[in-house]
Amino acid sequence: MIRLKDIQPLPKRESSEDEIATLQEQIFILQKESYDKQIGHIFLLEGWSSSGRGELLKALTVRLDPRKFKVYSPFVHKSEDRGYPFLWNFWQYLPRFGESLFYLNTYYGRLIYLLAFEGLDPKEYSHRMLSILNTERILTRDKIRFHKFFLHISEKELSKRIEKSRKEKRDWELSDIDKDQSKHYHKYRKRFEVVLNESNTASSSWEIIPCDDVASAKIYLLKCIIERMEAELKIDSAKELSLLAKGGELLP
Numbered sequence: 001m002i003r004l005k006d007i008q009p010l011p012k013r014e015s016s017e018d019e020i021a022t023l024q025e026q027i028f029i030l031q032k033e034s035y036d037k038q039i040g041h042i043f044l045l046e047g048w049s050s051s052g053r054g055e056l057l058k059a060l061t062v063r064l065d066p067r068k069f070k071v072y073s074p075f076v077h078k079s080e081d082r083g084y085p086f087l088w089n090f091w092q093y094l095p096r097f098g099e100s101l102f103y104l105n106t107y108y109g110r111l112i113y114l115l116a117f118e119g120l121d122p123k124e125y126s127h128r129m130l131s132i133l134n135t136e137r138i139l140t141r142d143k144i145r146f147h148k149f150f151l152h153i154s155e156k157e158l159s160k161r162i163e164k165s166r167k168e169k170r171d172w173e174l175s176d177i178d179k180d181q182s183k184h185y186h187k188y189r190k191r192f193e194v195v196l197n198e199s200n201t202a203s204s205s206w207e208i209i210p211c212d213d214v215a216s217a218k219i220y221l222l223k224c225i226i227e228r229m230e231a232e233l234k235i236d237s238a239k240e241l242s243l244l245a246k247g248g249e250l251l252p
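Going letter by letter, the sequence shown gives residues 1 to 252 in the UniProt record's numbering.
No lab work stands behind these hints: they were computed from the structure.
All C-beta atoms, glycine included, are put in the ideal place defined by N, C-alpha and C.
Everything hinted at is true.
Simulated restraints, written as ranges between beta carbons of each label pair:
# : residue 1 : residue 2 : range
1 : Lys37     : Glu173    : 39 to 47 Å
2 : Leu133    : Arg96     : 17 to 25 Å
3 : Arg141    : Glu173    : 39 to 47 Å
4 : Asp65     : Val214    : 19 to 27 Å
DSS-like cross-link-like pairs, simulated, lysine-lysine; straight-line CA separation at most 27 Å:
# : residue 1 : residue 2
5 : Lys167    : Lys58
6 : Lys183    : Lys5
7 : Lys190    : Lys123
Could you build the full structure based on these sequences and the hints that come with them?
What follows is the structure, given as structure tokens:
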């Protein structure tokens with residue numbers, strides 16, 4: 001069972017460019033292997049609105065072949081067209097076999113928004129959650145792999161980041177969701193826990209990424225993705241990188 005209040009922050013560390021670069025090369029190798037084996041990947045980066053997902057996404061994708069991945073970031077606070085199903089706004093973009101899709105905002109975030117701001121009733125919530133789980137299950141059976149990451153920050157760190165934006169006169173960066181999450185941290189944490197536990201399946205599980213320290217979070221996230229993709233692709237990317245390094249630099 002996922003309990004966010006039990007998640008401890010990662011030890012602070014200096015950002016090691018060499019270590020990050022090595023991990024990024026490994027992910028590039030895994031991207032190429034996925035393309036060769038025609039296995040698609042969907043990466044969901046969900047979490048607190050001030051968790052630094054943009055910076056983490058950059059660290060994750062900067063070395064990838066841009067022809068083989070897309071980033072999609074729909075507005076979770078935008079009401080979906082009533083003429084379409086709940087997931088329509090999200091499933092307009094799906095990866096081809098062998099390619100990757102990164103959701104910077106996800107349908108889980110949309111659920112949280114509806115619960116917080118529009119009073120989504122339990123019956124409708126259950127219906128939408130079932131739609132999500134069924135869709136993920138269908139795609140998983142068709143050579144698409146889900147990698148779900150929840151970017152978690154402590155109440156103290158969230159307040160610190162909100163206050164920093166205000167002191168630096170960057171209030172315009174703060175959305176209503178940022179402010180509401182900071183004001184009602186415990187209420188949101190409970191909502192997140194409910195959604196995470198109900199959608200934490202064997203074929204599509206969540207990994208919690210502690211993000212109080214961004215430098216540590218980058219390395220932790222990259223390592224988690226490498227571990228997941230290596231298990232799926234049956235490949236040792238560190239070994240492959242070592243072999244390639246002996247023969248010359250990796251080509252894009």
